[in-house]
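*Asks:* Next come the chains, spelled out residue by residue.
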Amino acid sequence: TQQSGRIVPAPAGAAPVEGGTVTMALPPAATPNWIFPIGPPGFSATYNSSLQQLFFMPVYDAVQQGSDLVPTGPGTLGEKPVYSDGDKTVTVPLRRDITWSDGTPVTARDIEFWFDLVKADKADWASYTVGTMPDDVKKFEVVNDHTVRLHLDRSYNPDWFTANQLTLMRALPQQAWDAKSDGGKIGDWDRTTAGAKAVFARLTAHARNLGSYGSDPLWQTVDGPWKIAAWQDTGQVTIVPNPKYTGTQHPHLDKVVFKPFTTADSEYNVMRSGGVDYGYIPPSVLAQKARFESRGYRISSWTGWAVSYIVYNFHSTHAGPEMNQLYIRQAMQHLVDQNGMSDVVWQGSAKPTLGPVPAFPKTQYLSPRMAENPYPYDVDAARALLTSHGWSDRDGTAVCTRPGTGSTECGAGIKKNAPLNLTLLSQSGSTETTNMMQVLKSSLSRAGIDLTVRQQPLNSVLGNSVACKATDPGCDWDMSFFGTAGSWYFPLNPSGEELFSTGASANFGNYSSPEADKLIHAVLYSSDQDAMHAYGEYLSEQLPVMWMPNPAYQVSVIRGDLRGVRQNPTATFSPQSWYYVKKGADQ
Amino acid sequence: MSVISPAVAPGHEEAAQATPSLARRTVQVFTRNKLALAGVVVLALLLLFCYVGPLVHPTDQVHTDLSQANLAPGSAGHLLGTTDLGYDLVGRLMVAGQSSLEVGLAAGVLATVFGTVWGAVSGYFGGWVDAAMMRVTDAALAIPAMFLLVVVSAIITPSKTVLILIIAAVAWLSPARLVRGEALSLRDREYVQAMRMMGGGGARAVFRHIVPNAIGTVIVNATFQVADAILYVSYLAFLGLSIPPPATDWGSMLSSGITYTQNGYWWLIFPAGIAIVLVVGAFNFIGDGLRDAFEVRLQKK
Amino acid sequence: MSEPLLSVDDLHVEIASRERTVHALAGVSLDLAPGEALGVVGESGSGKTMTALGVLGLLPSGGSITRGSVRFDGEDLVAGGEKRLQDVRGNTIGVVFQDPLTSLNPTMTIGAQVAEPLLLHRDISKKEAFARAQEMLGLVGMPQPAERMRNYPHQLSGGMRQRVAIAMALVCEPKLLIADEPTTALDVTTQHQILELVDDLRSRLGMAMILVTHDLGVIANRVDRVAVMYAGKIAERAGVRSLFRAPRHRYTEALFSALPEKAVVGATELRTIPGLPPNLALPQHGCRFAARCAFATDACRETEPELLGDDHAFACFHPVPPQQADPLADVVPGEERHAPALASGTPLLEIAGLRKDFPLSGGPFARSRGTVSAVGGVNLTVRKGETFGVVGESGCGKTTIGRMVAGLEDPTSGSITFEGQDLATMSRSRRRAHRRRIQLMFQDSTAAMDPRMRVGAILREPLVIQGVGDRAEQERIVAELLDAVGLPRGAVDRCPHEFSGGQRQRLGLARALTLSPELIVADEPVSALDVSVQAQILNLMRDLQRDRGLTYLFISHDLAVIRYLADTVGVMYLGKLVECGPADEVYEHPLHPYTRGLLDTVNVPDPERLDDTRKPLGGETPSAAAPPSGCRFRTRCPLAQDICARAEPAVTTPLGGTHQVACHFPLVEGTRAAAA
Amino acid sequence: MTGFLVKRLLQALVVLFLVTIIVFLLLHSLPGGPARAILGPKGTPQQIAHFNEVQGYDDPLPVQYADYLVRLVHGDLGQSYKLNESVSSLLGQRLPKTLILTVLSTVVAVVVAVPLGLLQAVRRGRPADYILTALAFLAYATPVFFLGLIFIIVFSQAIPLFPAEAPQGTSIGSIFSGFSGMVLPIVTMAFGIIAMFSRYMRSATLDNLTEEYVRTATAKGQSSRRILARHVLRNALIPLVTLLGLYLPTLFSGALVVESMFNYPGMGLLFWNAAQGSDFPVLLGVTLVVGVATVVGSLVTDIVYALLDPRIRSVS
Ligand SMILES: Nc1ncnc2c1ncn2[C@@H]1O[C@H](COP(=O)(O)OP(=O)(O)OP(=O)(O)O)[C@@H](O)[C@H]1O
Ligand SMILES: Nc1ncnc2c1ncn2[C@@H]1O[C@H](COP(=O)(O)OP(=O)(O)OP(=O)(O)O)[C@@H](O)[C@H]1O
Ligand SMILES: [Mg+2]
Ligand SMILES: [Mg+2]
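Residue numbers (our numbering), protein chains in the order written: chain A, 1 to 587; chain B, 588 to 888; chain C, 889 to 1564; chain D, 1565 to 1880.
Heads up, none of these hints are tricks.
The calculated lysine to aspartate or glutamate pairs, modelled on EDC-like cross-linking and capped at a C-alpha distance of 20 Å, are:
(1) K621(B) / E907(C)
(2) K1063(C) / E1023(C)
(3) K1606(D) / D124(A)
In short, the hints are calculated from the structure, not lab data.
Could you build the full structure based on these sequences and the hints that come with them?
*Replies:* Spelled out as structure tokens, the structure:
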């Protein structure tokens, strides 16, 4: 089962057959619902941006090159950006051969159009957080038709800025979209804030009419390899090649249908009856892998660029002091049988998370040290950590017998005879997660740690695990898990400023460490290529969260004669590289 | 000549004709209903299995054992195999059955008690009290139970008590309506009028006359309520709302077993599924038998 | 006798249920000549229905004919099987059942139901069948038969429904009509009309008839021959006159003498038959009546008497000697009836201008559609210690008055004064305490007693509610009451359904007495009982009145019962009291044409007393929702004039004394002649 | 008749009003409100605040409710957060599908249950009755999702007769053109209803068989078969109509499970997904529509009932 974590190179070789239709199953409960490339909060799901990129070429995007993830490739509009002025200025050169489907070339003006819209309406843009794009751009300069230059508010780590900021950039058809009202004159309205707001409002209003995506001429002006053929309000999307496409990656297929499903089970049933060419199966079915292969499918795990973890609430009114003790976190991490869970519960489709940087696939962001698990499953080690800090077993529960702050004592704020019992808020609705939590509960109990698992739907878990101060009501939760589908998907660069820096928006457990903050700062702002390694190594050991097995984005099932499928860890897809081979052409 | 001296008065010779006591006759009629009898037997067996079984066949239903996961039936020491976490399946069925039965019974009884009082008060007092109480019932009925459960399952962290309350909250409606109907007809009965004529009040009417006389309906309904409650437990599990592990119930076993449908791990699906069908069926059979028994009594009148 | 049309020979019927098998008929033999009318009488459960329906194989589920034959028109119906029976049913034998509402299909039109037998048995088109059905409806006296064809049963009055049922039975012109209590559910006047109709049709069509009834009056007037049944056997069989003149079986004799009509008016206790009929689920030995018979000997208990004799057959070892055949001669004179308290008694209950309107709710689709004037302004006075009888046809408001007096219903207007105190003006608590002084005795004691409670609890309940005494005291009172009504003290541990109808009525009386009331309102207390049991209850009520100085407001539709028991009689018609006065005077000299008509309609259980001078009431009672203006009786009154429609008649006493009447033309000598 | 209608409509309004209150209160007891659910773990505090402000979730509950009612009166059911469509257009697409599913399964159920019930009543106490009763109760005792699963395993995978997925097309026509996909959902759903209805039919028939009019009909010389067909059937069907009205909410409950099992894009599925995603406007909209359907349904049943039963009809 080990190979499922590796990115399996797409079988290639056999001669492509032009044409054909592929039906791809969308993830459970995923209904594509936004086409306008500036998505408002709530519409930023991966499947939306993946589809948008098929119609509107990204300027930069995560592209897998060997074992590295890089921002440019044959499908991106931008060429390698150039940093200057002590990394305070970045110049973006654009490809020259790309034109809109109405014949107009794609130019720097189209990027400016995007920037104006985003700047005027950042509150309505899902990717916006305070201080980042567009706040970090002091000045946007159009150098020429095919070059733009950004003047930044300070120096940035070029790798981070390209990977996590420039990838947000889009070229939008200004010549077609820059009108304040329907039927209004096309002009440079975006250049004033009020104008940009009006233009944005109009485009958003069109995007709010899902039923018209297939027919609205607005969305027919595209520069990507595909265009919309139909967009049903159930979320089923059909795309066909864009005949006016001037780029290099021309589709081989005639048509691709993206099919939404409510549940993995219903998808699976359809999958079995041959209703999809490219779908997925529940991890549990991996045991039946051979049967699928014999029916002419291949199975491959689509590893996500993500980490999974259980959040510790360092401010918990119930067990905050315990959470704050590194040795307790270490003991608990020793009790997480990540390999066992991955192999048995996830049937091999999940991979251990070893630190804040994804360990699979192995990329340039991972140092050799980060690939080692510092806290392998070891009940005795865990017990030893506890006993050496003054905990002893009483009726199967560890209780603190040596309170105090000494190195052999329980630690600050832990009272004498305090038992080690914790509650965990966990996401419901997934057998794997439920099982994982049972395994965790069971193994924690072996060291006397009593875990109460309360299951809630994802939304409730998210709603309940708010970052809180110990004085707030509702701050009695100890641990929280919402990683059935991976806890955190990274953009290209796996920086953790939103997760682990003090007071960050997704730092639900209020982890706070000056050292970590310093390291995160370095990842964002210094041009030191090792900053990421230092950060990763430090947090792997410090355990700001309990690392848990990271499930695959999906366990894909792909028709044997469908080739050219690359499963990008950032979960985008590029059907332009897919093609059929003659039936029977061996893999 | 007065012929009605107590000595001659009929009564003694009539004792021969007097019918056996209500309870006895109910039992008689009930036992003649073969399905009801089968229901009792099945239920008794299931109870034995769930409550005495663990004594005979002790298993660890707390600690997982991944090395023993998904063993097929017949593996050493595991008659029905093991679950995906290595629990012995037979032992698991036993503890799961305990939860299912306890939650089902408690919810069914709670719903029946509440519904009965609600319905009896509404029906007996009539007028605007009835109108108000019934509109509330109507409104709750107009939201399909499953919809409510879906919403609730998106809100609530389950525990046994919570499950009982949730199920009772959707299940009290049918006894309420039923008992209200009974109360409406009972309150016009002459014996209730007679009691009012003697100066008796509403509370006496409801608790001494209406509820006891609707008791047949109530008991029969309660049996069906318990059956429905056990079904609801399984639906809640299907909707992702089940007792926190490592505790479990048949519904949760079934719905998590569904994950393994395709692997041919039938022992994760069918034993639990069949247990649900059996226990719900058994309660239904019993309810039907009781209804027969009570109806016969009514006919005799 | 000519070749019989129907000949039932040694018919045995068993009804098996899960608990037991009832031997409902044990060797019944009957002959019926063409065109002859045979009456079948007997107490409830004696097998009348089984005999009548057994002929056609219409037994209840579980029922089967175990022995015997039924020959009809020369064919054996028992041996013929289901197919043969289907040919006969509705074709050559028509059947009419007791309850005209439930015996019609509620969702089928009258026309379709009447035409159905024709479509089944005659080879004619639907159109012809409907035409014939309409003709038949006309023949049974249905007004506007064409319109009625499209009606549904519930749209007709009880009488009309029974006419439909008869039309249905006769539409194929059968040779034999079987009528099982066809008029028991109907008013005297309607009953009379229906029976007249049957008589008329019978002579026109030359039909034979089996008339099953427990009403001896009906039997006396309508049939040629009578079979008296007792416990699944025929006790006596004779021509109607000979039977009524000289009953030979001891049972028949006892039955006749229990009739209130036969009692010397107001002077005697009624004869009763002690005990109950035997349980037919048990094997029977000897004469089935022996246990209740004063003349029984050991022989009676061991050997079963055979039905012997030709024209007048009876099965009795110790028959009534023919010379002593006048039952009245056998009556044992009872104690003097207590002197009516009429003159001396002080008024206990005074009702003035009492009205009750019920809102008329018209089903789910209609809002309230006006009101029913159930009681339309009634004045009456009940004196202490007397029995005030209220008579009248169904729906005239008797019950409503009773319920208002008992406080179960609030009057729309008018006053009820009890010992000088107006009930309406009493405070709540006073009223509650006052409730003990007036108690109601219900018609149906089964319905009036909580079936879940034991008798002890039922009888104690009034005491508990009123807070009388402690438990021991209450139990003592209950025990005394049981003694008083002639029930064993052990009854307290039993449930109401374990008692017979008569015993339950005793319980009802006992409960009414628990709080030692002064006035008992008895609403039809005996109308559901057999004659023999009725006699027991009536005697008991009289005894208790004497012993405890009770006052009764006695409601009944049975003129004979009222006459027997009441000191004062009030006659009601459509919510109005039309006549009121001392019982004897009202019965001897009715002043109101309605009273007169009612008395003339009643079937007297004596075939000798049939006379043609009687003027039975015709027509139907108008709806209480739209009572006629002026005098409410005018639509059926033979004397009605214009004034009757314009003005409501005032109450007068044309004969002086306390005999009041509300009529513009009371039947004093002059008008009486005119009416005749 | 109009009086009755007016009264019933007023009652219905009260009921719907209560329905909205119940659902509104329930939804707003969701921890963290919809913002967190919609925006996911990546939603920033600013975005959450912005969302709450735009949607009015920062207003006090009564104000929110009043706003909702005002919009409702104007026919505005709101916009789905998740599906980027107006709730009314969503309902417009989904309601007909659910209706097709429920109506067809009910029809199937009635067609099967009525003869079954009659048969049981006629054979009361005999083996056929016992067996059918036992089967009915077992069918009733089987959770719909278990039943659906068995059907899929058997009829879609072991013996591939029918697809495991309902037709996905948006138009009604596409549903009928891909009708083989509807077979399993309909059968799954009809199963439980058959169990229920056949029981009712049995007891209604038994009740009617003891009625005196049956004896009258026998006395006219009709065969028992004819009596059953001409007299008993109609009278026994009348209570079934009321039952249908009462059964509507249960039907919708069943539809929810069946739709999510067979991926049938109806109201149940819509509701299910909305609940998973805290899509409040959709949840409210669906509940309201189902509430209306239930209330209207029971009204229609009353009317049909009256039309079938002359005792009630003629009073109007
Ligand atoms: N359906 C039945 N099941 C069992 N026993 C019955 C049934 N119907 C009648 N019987 C019994 O058969 C006997 C004869 O009943 P039948 O109906 O002929 O009496 P009846 O003289 O017509 O009485 P009534 O005046 O009350 O109509 C009674 O003992 C009665 O209890
Ligand atoms: N609760 C009620 N609501 C409406 N109408 C009623 C009600 N009770 C009685 N009535 C009507 O009032 C009239 C008088 O009824 P009541 O019961 O007093 O008659 P009754 O003389 O006792 O008749 P019966 O001999 O049938 O018992 C009838 O037309 C009846 O339909
Ligand atoms: Mg009879
Ligand atoms: Mg009355």
